[in-house]
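**Student:** Sequence:
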Amino acid sequence: MEVFEDYKRRLEKRFPRRLEESEGEIESLRIRLFHSLKEAKKYDGAEKLYHETVKKYDDAKNLSHVTVTGRDPTKSEDTEAEPISRAVWEKRKQCPGPPSEVSKESHRQLCSVLCAVGRHRDAENMHRDIYQSGTMDAWALENGDEVCQRRREQGEFRRAKEMQDEVWKERLKQHGPRDDLTIRSGLRLIGFLDELVTIIDQEGGTDAERRFNISHKQAFKCEIEVILRTIWDSRLHLEPTIDILDAGHQLGVILSSQSKFADAEAIFMPVWEGRKRQLGERAGSTMSTGSLLGKALYRQGTRETYLRAVDIFQGIWLVRQTVMKNGDAETVASGEDLAQAYRSLGDWPNAERAYRWIIHHKEQRPGCPTREIEDARWNLGQTLYKQGMDKDREAVRVLGTLYHQWHASSPNSNETLQCGQMLGQSLSTQNGRIDDALDIALDVFNRRGASAESGVAYLDSGRLYGSLLLGVGNFAEAERILEVVWGYQAVGNEEQEMRFKCGQLYGQALAKKNKYPDAKKILEAVAEAQGGISTGILDIAETRRLIEDVNRQRKEKEREKRSNGRRRGFLYRARQQ
Numbered sequence: 001m002e003v004f005e006d007y008k009r010r011l012e013k014r015f016p017r018r019l020e021e022s023e024g025e026i027e028s029l030r031i032r033l034f035h036s037l038k039e040a041k042k043y044d045g046a047e048k049l050y051h052e053t054v055k056k057y058d059d060a061k062n063l064s065h066v067t068v069t070g071r072d073p074t075k076s077e078d079t080e081a082e083p084i085s086r087a088v089w090e091k092r093k094q095c096p097g098p099p100s101e102v103s104k105e106s107h108r109q110l111c112s113v114l115c116a117v118g119r120h121r122d123a124e125n126m127h128r129d130i131y132q133s134g135t136m137d138a139w140a141l142e143n144g145d146e147v148c149q150r151r152r153e154q155g156e157f158r159r160a161k162e163m164q165d166e167v168w169k170e171r172l173k174q175h176g177p178r179d180d181l182t183i184r185s186g187l188r189l190i191g192f193l194d195e196l197v198t199i200i201d202q203e204g205g206t207d208a209e210r211r212f213n214i215s216h217k218q219a220f221k222c223e224i225e226v227i228l229r230t231i232w233d234s235r236l237h238l239e240p241t242i243d244i245l246d247a248g249h250q251l252g253v254i255l256s257s258q259s260k261f262a263d264a265e266a267i268f269m270p271v272w273e274g275r276k277r278q279l280g281e282r283a284g285s286t287m288s289t290g291s292l293l294g295k296a297l298y299r300q301g302t303r304e305t306y307l308r309a310v311d312i313f314q315g316i317w318l319v320r321q322t323v324m325k326n327g328d329a330e331t332v333a334s335g336e337d338l339a340q341a342y343r344s345l346g347d348w349p350n351a352e353r354a355y356r357w358i359i360h361h362k363e364q365r366p367g368c369p370t371r372e373i374e375d376a377r378w379n380l381g382q383t384l385y386k387q388g389m390d391k392d393r394e395a396v397r398v399l400g401t402l403y404h405q406w407h408a409s410s411p412n413s414n415e416t417l418q419c420g421q422m423l424g425q426s427l428s429t430q431n432g433r434i435d436d437a438l439d440i441a442l443d444v445f446n447r448r449g450a451s452a453e454s455g456v457a458y459l460d461s462g463r464l465y466g467s468l469l470l471g472v473g474n475f476a477e478a479e480r481i482l483e484v485v486w487g488y489q490a491v492g493n494e495e496q497e498m499r500f501k502c503g504q505l506y507g508q509a510l511a512k513k514n515k516y517p518d519a520k521k522i523l524e525a526v527a528e529a530q531g532g533i534s535t536g537i538l539d540i541a542e543t544r545r546l547i548e549d550v551n552r553q554r555k556e557k558e559r560e561k562r563s564n565g566r567r568r569g570f571l572y573r574a575r576q577q
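Residues in the sequence shown are numbered consecutively from 1, following full-length UniProt numbering.
Please note: incorrect hints may appear among the correct ones.
What the hints assert, rightly or not - Subject to a maximum C-alpha distance of 27 Å in a straight line, what follows is the list of computed DSS-like cross-link-like pairs (lysine-lysine): (1) K515 with K555; (2) K501 with K513; (3) K221 with K169; (4) K521 with K557; (5) K520 with K555; (6) K555 with K501; (7) K260 with K221; (8) K501 with K512; (9) K512 with K555; (10) K276 with K217; (11) K501 with K515; (12) K217 with K169; (13) K520 with K501.
Claimed, not checked - Simulated restraints on C-beta separations: (14) K386 with E225: 15 to 21 Å; (15) E225 with Q489: 41 to 47 Å; (16) L181 with Q364: 45 to 51 Å; (17) T198 with Q387: 22 to 28 Å; (18) L307 with E415: 28 to 34 Å; (19) T198 with M324: 27 to 33 Å; (20) D311 with V226: 29 to 35 Å; (21) C222 with G492: 44 to 50 Å; (22) E225 with R158: 50 to 56 Å; (23) L307 with E560: 32 to 38 Å; (24) D390 with S410: 28 to 34 Å; (25) G284 with E304: 27 to 33 Å; (26) G492 with E153: 52 to 58 Å; (27) S259 with P517: 48 to 54 Å.
These are calculated hints, taken from the structure and not from any lab test. No experiment lies behind these values; they were computed from the predicted model shown. Beta carbons: idealized from backbone N, C-alpha and C, even for Gly.
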């Protein structure tokens, strides 16, 4: 406190001098003394100092030189500092004419002290009095913004939104959408609307109340979109500011959530380019916009947009690897986006490389959930399976581990059965593994059949099991299984097409049992039905080829029977002679 005492002695020594000669120095010394007392938590001393100062200068009716600017009231101890700020403000607001900058600063400081001690309602009332003073100038609008923040701090989001809407529209009218303060008011209004949407999502109530809330939620979302478009459209004549780019980013997110992916792309592209120019391609917000741009392109679902998405995802993935740790969650997520885009293009080798990288870094990341690692391995297994026989051995290793883990915990889950289906197909190409393939294929078929949701997956499991039975020469069992799936009442083109594949196998099984008329009948029914739903030309051609094979086999069988009959007749006559 030696410094404090020195300040005090110097200040007291200065007081007797004329105000005009020492005003600036007194103010400087008093500010330093006030901060010294505050930092020493000597609020009583600070208050005493204020009252002494007021008494000495009360006759002058001018406290414009007394200030407490630069405070950062964030502690509960500011309760004792509040009377100082209030007294200064009460004196300053009595000065005639419009409020000076010093007076405004005193008002800000007093409100900040009130907030620091939890008196948000009192601070709101002070801001509201300025806002409703009659003159809608910059000072009034600033206080309007602060009223909204005080209401937010008290959990009054609807009242905050109503006031912020007034301030936003007034700023828009006075300064236009390009003004920085207008943009910030708009972004604050969006924040309140987002919070109201979140509150609605958490509310229950009756069916009527829920329907009412849903209509309000949609109205809030429409307001958000309108505000964002207003801010975003202000970029047309000049380089967009950071706030405008933020608004564009949020607008793109809204459009994506509405499945308007082409519109979202049109927003995200200039936002991404603008952020690259202003912040650099390594900035987190730049990469975030780029990722969303890639997703908007990917979700449009054409080969052209897949290719463009791959270019963007690949660039972001490489940048993230240089800026962040390789095992960082966002870097891994970028790798997953890229791998998914490769899969959609059928670029299985590149997808495989991406998934191997993802698995490696997920395994190295401390605390990474086991399920996340399993999902990455599952994606790798599917990618290997899609590459055909060249990758079957690796597919068996990856899918086999997953299948046995999942089968032990959830044998009837769709994921387990899908994994088993792929594993059975891959095992069938490996020497000496056909019995394992048959066991897994049978288990999948039985579990699919017992499921309430059969459909394409059930038909496909029957197709696989039936084809494996045909391959090992178990024609009777193949006929039985394929007859069941051929009789399935398929709905929709996808189910019908899978049923036709089963019908082709069923016809082959009948032919193997020498039931040529039945085989021909089934295959002709398949061909006719394929034409009825505009199946691909190659599928119909394959069915026609199978019919020709059945006819050829029937003729060969008949020829063989005649030949055998003639041979038996010749031998019989020879014995008679």
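**Student:** With reference to the structure, classify each hint as holding or not holding.
**Tutor:** Status of the hints after comparison with the structure:
Between K515 and K555, the direct Cα distance comes to roughly 13 Å. Compliance with the 27 Å bound is thereby established for this hinted pair. Taking the CA atoms of K501 and K513, the gap is about 19 Å. The hint holds against a cut of 27 Å. For the suggested pair K221 and K169, the alpha carbons sit about 18 Å apart, so the restraint of at most 27 Å is met. The suggested pairing of K521 with K557 holds, with an alpha-carbon distance near 18 Å, which does not exceed 27 Å.
Restraint check for K520 and K555: the C-alpha separation of about 13 Å stays at or below 27 Å, so the hint holds. In summary, the hint linking K555 to K501 is supported, as the alpha carbons are separated by about 25 Å, within the 27 Å threshold. The hinted pair formed by K260 and K221 meets the criterion: a straight-line CA distance of about 15 Å does not exceed 27 Å. Straight-line distance between C-alpha atoms of K501 and K512 comes to about 17 Å, which keeps the hinted pair within the 27 Å bound.
A threshold of 27 Å between alpha carbons decides the hint, and for K512 with K555 the separation of about 14 Å falls inside it, so the pair holds. With a C-alpha separation of about 34 Å, the suggested pairing of K276 with K217 is violated against the 27 Å cut-off. The hinted pair formed by K501 and K515 meets the criterion: a straight-line CA distance of about 19 Å does not exceed 27 Å. Restraint check for K217 and K169: the C-alpha separation of about 21 Å stays at or below 27 Å, so the hint holds.
Between K520 and K501, the direct Cα distance comes to roughly 15 Å. Compliance with the 27 Å bound is thereby established for this hinted pair. Checking the proposed 15 to 21 Å range against K386 and E225 shows it is violated: the Cβ atoms sit about 40 Å from each other. Distance hint for E225 and Q489: a CB-CB separation of about 45 Å, consistent with the stated range 41 to 47 Å. Look at L181 against Q364: about 48 Å separates their beta carbons, and that is inside 45 to 51 Å.
Range check, T198 to Q387: Cβ separation about 45 Å, and the 22 to 28 Å hint is violated. For L307 and E415, the Cβ-Cβ distance of about 30 Å falls inside the hinted range of 28 to 34 Å, so the restraint holds. Range check, T198 to M324: about 29 Å between beta-carbon atoms, so the 27 to 33 Å window is met. Checking the proposed 29 to 35 Å range against D311 and V226 shows it holds: the Cβ atoms sit about 33 Å from each other.
For the pair C222 and G492, the supplied restraint of 44 to 50 Å is violated, since their beta-carbon distance comes to about 36 Å. The beta-carbon spacing between E225 and R158, approximately 20 Å, falls outside the hinted interval of 50 to 56 Å. L307 and E560 have their C-beta atoms about 57 Å apart, which leaves the hinted 32 to 38 Å range violated. The beta-carbon spacing between D390 and S410, approximately 31 Å, falls within the hinted interval of 28 to 34 Å.
With their beta carbons about 29 Å apart, G284 and E304 fall inside the hinted range of 27 to 33 Å. The supplied range of 52 to 58 Å is met by G492 and E153, whose beta-carbon atoms lie about 55 Å from each other. Checked against the given bound of 48 to 54 Å, the beta carbons of S259 and P517, roughly 53 Å apart, stay inside it.
Going down the numbered hints, you'll see the structure goes against 10, 14, 17, 21, 22, 23, while the others check out.
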